[in-house]
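Take the two lone chains and join them into the complex the hints point to.
Read top to bottom, the protein sequences are chains A and B.
Each residue of the first sequence is one higher than the last, beginning at 1 in the numbering used here.
Each residue of the second sequence is one higher than the last, beginning at 1 in the numbering used here.
Treat the hints as calculated values from the structure; they're not laboratory data.
Some hints here could point you the wrong way.
Some but not every residue of chain B turned toward chain A, in silico, with C-beta under 8 angstroms [unchecked claim]: (1) 66; (2) 70; (3) 77.
Virtual Cβ for every residue (Gly too), placed ideally from N, Cα, C.
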Amino acid sequence: MSEIQIWTLVFVGLSFATYLTIAWRSRVKETKGFYVAGQGIPAVANGAAVAADWMSAASFISMAGLIAFLGSDGSVYLMGWTGGYVLLALLLAPYLRKWGKFTVPEFVGDRYSEYVRLIAAIAAIIVSFTYVVGQMRGGGIVFSRFLNLSIEGGVAVAAGIIFLYAVLGGMKGITWTQVAQYTVMIVAYLIPAWTIAQKMTGFPVPQVTFGQILGELDALSQQFGLEQYTEAFAARPQLDVFLVTMSLMIGTAGLPHVIIRFYTTKSVRGARFSAFWALVFIGLLYTTAPAVGAFTKLNLMQSVDGVAVASLPAWVNNWAATGLVSVSDTAETITTLSNDPASGADLIVNNDILVLATPEIAGLPAPIVGLVAAGGLAAAMSTAAGLLLVISSSVSHDLYFRVVKREASESQRLLVGRIAMGAAVLVAIYGGINPPAYVAQVVAFAFGLAASTFFPILVMGIFWKRANAVGAASGMIAGLAFTATYMIYTLEVFGTSAHDHILGISPEGIGAVGAVVNAIVTIIVSKLTSPPTEHVQEMVEGLRYPAAKRKETSATE
Amino acid sequence: MTDARGSAPDPGPPPGANGWRQEYWKKNLRLMVVLLSIWFLVSFVCGILLIEQLNTIVIAGFPLGLWFAQQGSIYTFIILILVYTLRMDRLDDEYGVAERDEEGNRL
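Here chain B stands alone, though its shape is the one from the complex (with noise of 0.2 angstroms):
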């Protein structure tokens, strides 16, 4: 991070304010890194690494490795973006980076 310089150009903010970016970025990150671990873990994990085993267990006519690659793991890739999506919200709003309008609407 190149935050020593002497005269921060305009959209640039104060040297010294800055801290709440890292802590903003770092939650980020964080939130991210856990989403995609599930994202990796029923698509590449149950879906495809585990198929064979999971197969052996069978729910409603469905073995279970099969059911995750070709179901399971859809629905949980959609639940995986809402939750990314509102949490993000969240973050926007406690280090009041959300975009509002002038009345202060979401936009």
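Chain A extracted, bound-state conformation (with noise of 0.2 angstroms):
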């Protein structure tokens, strides 16, 4: 076993043992315990779980390579995963935690009908499962890298540990662990980030100083056959960029395994605090990511610019067994780099071993490698059980409940949760074993989905009364037949051929699109139909308002 195992299996065996005593410790026996945490978790825990939650394996494991090959353009995911936030905490976060249930399709079901609810449960079960197969595989690719446990093994261990927290604490369980996924999570972000920004500029803060090495790294880019780092609109043209940007924005805001945590806070005020934490939280590896994708690649054409095939370094090899660096076989010197394996370049690299090859690509000792596949571990497992929590809770209470079984006591509603979660953690790693060939493809479809079916019918739900159920239920299918058609159309899904991008925008940026069309629809409809009952409206009054207004004289301060 070699060093770098060992520590590895040191780091992923303490913060496993973490998260099993964390979730023995919170085990809940009420629906409200594995739903919701029972309302009562502090703002701040609540943000750097809202973080984890969010932060899944593509943030950690892929977003910096991803920015490392696109460049300027990468800037997309940056804001666009960030931006959200904001929406969150202005449109819907306060409201929602006012309303004070336990999904979002209850929500919608409150607000406007009980088939509109079926419509969101069905959505949020597809939007969680597009990505809870794309975290089980970042999994098992961890594991199958630095345990040599084979892809199938790795995913197993992950699924097994989750299962074991989140059917034991739910939603409480699922909150404390994140918040120590968290704290591994950023931590093994921004230690090798430091430690390659003091190597290579000096100054620790990589946020502050990989300004320093852009034009070095535009020279190098090009001589390698890439585009210049810094060129605006080399990968994706403005059109585009603009509607992913705000497709990725609005499909953040949609996304129910989001929302679902800004349930869980003591008051509106505290869902109003936990997006602020969240974002502090985001923010301190989303600032990080440009100048780690900055830093590696620049030190990564170093590393290899010139040298003979049979001289480079250990990395290159090491990756190589997992097929996800290759060397082109009629190349002696490296001259040419790409991600693309169909470039025909001398070495290519793909984007999503970025950040995980970083300390072995800038010579960083043992431990901070093992520390590393602990923190994508962590990603991946937090953002799973975020999502598995949503699918269980739609299964059961909005689908079974519903329509199964109306009358239920307490503990049979929370066994069938438990068995919701059993069953949905087993699907989830028939899905990570064997995924589906366009999982790329479907994440672009679950932010597409999320943006255009859930963000206009929440947004308009709270903020115009006028808005009513035959309206919204226009709106979301209308959105999504639109969002979906243009997605069948220009991606290769489905046994259907892919066609070019009309005025070139990409079949990620379609969801912007989507939720206008959705909004547009929901407008018209509602216009032409009878406005909704005196009680919903007061409902929806209510939600405006924080608590009820208190008399002047016990107002203290």
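Next comes the structure, spelled out in structure tokens:
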């Protein structure tokens, strides 16, 4: 066993033991604990949990690599996946917390009607499943690279741990493990980033110093046959950059597993503050990511520039075993680099390995490599757990107890919630081991779906009393149909062939347009049909004020 | 708004005393519009629409447009949420709708 493997085992073992201890200490006995953690989570802790819930294997493992190869246009992920929190904080979180029940479809049911709730529950399940498969896969990759486990074995181990704490503690167990997972994840991300910044620029704050190397990076990128790093719109046209950013923002604000985290705070004020803390914690990683991308890419290019194939650094061979790095058979020295296997460049590096390989590329010691592996696992597992809770609550709370069995005792509800969670874990394991060939497209689909179905009707449900059930149902179906049609038209899924992008709009960017279609249809149909009942309008009015008005005399500071 | 009901049910306030509600909501909306305009300005305007023009200005190695897209917008988002949270605290207190326990402490 290599030194790296021993350290990986140490960090992964320690972190898993922590998660299980937390789970045991926060086991729950009632549905309110299982679904919304008893609404007793302090704002800072909830912020950390939101951050862990939100930052998935994609944020931790893939994003810096994506930015490294996309250069300036990689900003869509940075702005898109943080700007959504401004929308969440201002437009959704406080009001949904005031309403104060368990799931997103349940709000839709109370505000609009039962059949709209069914559409929402099914959409929530689809969105969450497409997402969870990617997380399971990410966990499997970490295990297979660092512990020489098979991907199947890795997926099963990660899922087994999630199963234990999610079934035992529900939302409460998930919340407190997510706080621990955020800590592991951020430490694992920042330590190598600080070390590299110190090594390359002599100052350990990567956010400040990566500007210094951009000039060098531009020159070297061109030499390797790539676009200049800082050149805008080299990878995507301007309109597409705009729409993808917008889609990711409103998709983020519409993702059920993120929204339900705001149900767990003690108060409306707590929901507002958690959004602030969440973005602070997320921003810490997201402002570091572009620096990691830039530093690692420069490092990588410098370490292979003109080097003979026989004398490449050790990380190339280590990662070649996973198939994620490959050297062209015809190359003698490395003069070109790409992330695209079809490009025919001398060295092909997959986006996904850049963060995991950063410590090795920079020649950092083995314990740091092990720590990064534990961080990658924490990122994948924390997100997977949040998604599994959404699936479990949609299946049990929104479908089973609404459609099949309307009368049930508290303990029956809790048991069905746990069984649904267990079943969801099994399906997720299967999906992680046999991912559909189009996982990347499916994740784009999840964002498009969340943006074009949930976000508009949630916002209008709060801000426009006149929006009614027929309008919301038509809007959701129209937004979904529009978005899905364009995606199927431009992507190779379900056996269809891919067509050219219309106006350069990529399938990732169409969700924003779908959301506009949803909103317009909802407004027109609502206007043409009768307004919601007075009872519903009063409920909407009630959402707007955190508490009942107090008498002047009792308002003490 | 349908405030002309005969007898308001339990959670509803007495009719005629609702002026403060509209005022509170209007102030909330105004704050929201201001903050969302800044949100749009730093990300979509500085980071995307005008990125090429701003990139001609270079500070500490960063082309300014790229800096907004990869750093500045995120810092601004954090500040926007903080400002919103603090201003809403003040607004809640001003209108007496802050959540407090029996002793009047914040929840």
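Among the hints numbered above, which are violated by the structure, and what are their numbers in rising order? Violated: none.
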